[in-house]
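These are the residues of each chain, in order.
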Amino acid sequence: MKLKCSHGFYLFEETRVGQVSDFMSQTGFEIGPLDNLFTFKTLIDAPKYSIKGGPLLSSQSIVTCEGNQWDVFKENAVVYDFTKDLVVPISSITQTMSLKLAGNFFISNGLILAGSIDQNGNKIEGYSAFYSRDRGSWLYSEVSYV
Amino acid sequence: MSKILNATCDSSGKVTADGIIVPEAEVLTEGKQDSAGLLFIENKSVKYLTVNTSDLKTLIEKTSSALDDVSAALTKIGLTLTSIGAGMTGPTTAPPPTLATDVATINSKVTEINAVKAELDTLKGALK
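Chains as they are written, first to last, in our numbering: chain A, 1 to 146; chain B, 1 to 128.
It is possible that some hints are incorrect.
As the list claims (entries may be wrong) - Capping the alpha-carbon separation at 27 angstroms, the derived lysine-lysine pairs in DSSO-like fashion look like this:
1. B:Lys47 x A:Lys48
2. A:Lys4 x B:Lys76
3. A:Lys4 x B:Lys3
4. B:Lys44 x A:Lys48
5. B:Lys76 x B:Lys47
Unchecked claim - Taking beta-carbon pairs under 7 angstroms as the criterion, some of the chain B residues facing chain A (in silico):
6. Ser2
7. Asp18
8. Glu26
9. Lys44
10. Val46
None of these hints come from the bench; they were simulated from the model.
Idealized CB from N, CA, C, for every residue including glycine.
Kindly generate the complete structure, drawing on both the sequences and the hints.
This is the structure in structure tokens:
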């Protein structure tokens, strides 16, 4: 299964039927369809616009803008915190994690939460990943920082 | 790709959409009185456009009313001149007996036209 995290908005793509179902049963996360992909259930209703001062799921918009959900997240400086099932300011994510090079990819301990800070002190805002059944872990690439 | 929302704008130019005041909205119309319209958001550009068909309807109604008055006044002038002409066949120089009433009617229509003109001037300064 592939995963694209853009500005704290997560999109899953099955490369084999049943992967989302397996992922949900293994992790307890609720995943639902979004267009032709999948995302966390809470993010299914994420708006494609925001009005400054109005709600943005569980957060509050700080700018008036329009775009894809991840663009709206970026402009409002928020990410989805899947550990709390909340949309929160990226600045509120302070947890640290380590990325280790493994061939052409990076590996980490579990699913990376956007906003986390890597071992070099850089704040992660997005990445691409796919789940390796052989390794039993996510392999990361295209990691981008704030 | 843009987002279009129902919105309102008050006479001070304050735009509201989704129950939230949108101070950064640029009002593209006159915005001189309360109105309902549409808010367009594209990227970070935010513009408000009123649905001003009521302005147009009022303008057309008042213009049509003014033209009715003009038509009535001109008709009355024509009838009056015809009546005067009909009386100019003999030695008398007396005006037709209806002249005073006819002139009063014409003056009344001029007053009504001026009133509509004033209303149009007011509308011009209060377009939505």
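How the hints compare with the structure:
no., hint, in the structure
1, B:Lys47 x A:Lys48, "holds (17 angstroms)"
2, A:Lys4 x B:Lys76, "violated (81 angstroms)"
3, A:Lys4 x B:Lys3, "holds (25 angstroms)"
4, B:Lys44 x A:Lys48, "holds (12 angstroms)"
5, B:Lys76 x B:Lys47, "violated (50 angstroms)"
6, Ser2, "holds (6 angstroms)"
7, Asp18, "holds (6 angstroms)"
8, Glu26, "violated (11 angstroms)"
9, Lys44, "holds (5 angstroms)"
10, Val46, "holds (5 angstroms)"
Checked against the numbered hints above, the structure breaks hints 2, 5 and 8 and satisfies the rest.
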